[in-house]
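Enquirer: In terms of my numbering, the sequence shown opens at residue 21 and continues consecutively.
If you are wondering where the hints come from, they were derived from the structure by calculation, not from laboratory data.
Please note: incorrect hints may appear among the correct ones.
[As the list claims (entries may be wrong)] Straight-line distance between alpha carbons at most 25 Å, and here's what the computed DSS-like set of lysine-lysine pairs gives: (1) Lys227 to Lys73; (2) Lys190 to Lys218; (3) Lys128 to Lys109; (4) Lys25 to Lys73.
[Claimed, not checked] Here are the computed distance ranges between Cβ atoms for each label pair: (5) Gly52 to Asn265: 36 to 42 Å; (6) Arg44 to Asp173: 29 to 35 Å; (7) Pro105 to Ser51: 27 to 33 Å; (8) Leu251 to Lys109: 34 to 40 Å; (9) His157 to Ser51: 18 to 24 Å; (10) Ser159 to Thr118: 30 to 36 Å.
Even glycine gets a Cβ: it sits at the ideal position worked out from N, Cα and C.
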Amino acid sequence: MSAIKLQPENFKLEDTTIWSFPDRGSWGTHSGKYRGNWSPYVPRNLILRYTRKNGWVLDQFLGSGTTLIEAKLLGRNAIGVDVNPNSIKLSNSNLHFTYQETSKIFTKQGNARQLSFIKDQSIDLVCTHPPYADIIHYSQDIPEDISLLTYEDFLQAMEDVAGESYRVLKEGGICAFMIGDIRRKGYVLPLGMNTMQKFTDVGFILKEIIIKEQHNCRSADYWDGREKTFLMLAHEYIFVLEKRNDGS
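Please take these sequences and the hints and turn them into a complete structure.
Expert: Take a look at the structure:
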């Protein structure tokens, strides 16, 4: 088997609040085959900006393992959690490569709303990409899968996710997640801002709001040539929040 390219070419750390990656990134074992997974450029930027070597990264919506692949390539330790055993299996396969960096990488089937197996104040960065309510169902009958929930129930579940994220983060730690808005019957539901509010409600301080441009969205193909009375959603949010117990 030929050697895989393990690093992106000509990578530059983003320095504004507008991010756009037309080339989603295909180094390492990354691919866009897992529906809804994020470009590896996103966790790479977040991990490099907000952690140091051997720091601990948590992704509690593991998906196909994009965040953990980047953590391994960048010399960070990481824990990946997902309710779906198929996700764990796929991520373990994607993480099965050798690299000169020495990292501790763990995957575990579990519930993002209940991370009791992770100690208080043990994580440096939460770096995750939750589902967008029930836009994509990632399983059929797993009770804890929040991608099966309605908009209102999803937001309620994210209260617990926010609380657990706050608990496991060290003082001064960063919680960064990407999420987009959704449209129902022609009208926008502000899923991004409503979800962000759940995190500030538990004590996080909002540090950055990054706008990420969407590329290659499946809904764009559906509406191509069809008449519509609304604008296509072409952005997502990356919220960067900091844990400060004193509120400063």
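Enquirer: Run every hint past the structure and note whether it holds.
Expert: Cross-check of the supplied hints:
1. Taken as a hint, the Lys227 and Lys73 pair is honoured in the structure, with Cα atoms around 22 Å apart against an allowance of 25 Å.
2. Between Lys190 and Lys218 the CA atoms are separated by roughly 19 Å; this keeps the pair inside 25 Å, and the hint holds.
3. The hinted pair formed by Lys128 and Lys109 meets the criterion: a straight-line CA distance of about 10 Å does not exceed 25 Å.
4. With a C-alpha separation of about 21 Å, the suggested pair Lys25 and Lys73 falls inside the 25 Å cut-off, and the hint holds.
5. Restraint check, Gly52 to Asn265: a C-beta distance of roughly 39 Å satisfies the suggested window 36 to 42 Å.
6. Checking the proposed 29 to 35 Å range against Arg44 and Asp173 shows it holds: the Cβ atoms sit about 30 Å from each other.
7. For the pair Pro105 and Ser51, the beta carbons lie near 20 Å from each other, so the given range of 27 to 33 Å is not met.
8. Between Leu251 and Lys109 the beta carbons are some 39 Å apart, a value that agrees with the proposed interval 34 to 40 Å.
9. The given range of 18 to 24 Å is respected by His157 and Ser51, whose C-beta atoms sit roughly 21 Å from each other.
10. In this structure, Ser159 and Thr118 meet the distance hint of 30 to 36 Å, their C-beta atoms being roughly 31 Å apart.
Comparing the model with each earlier hint shows a violation of hint 7 alone; every other hint is respected.
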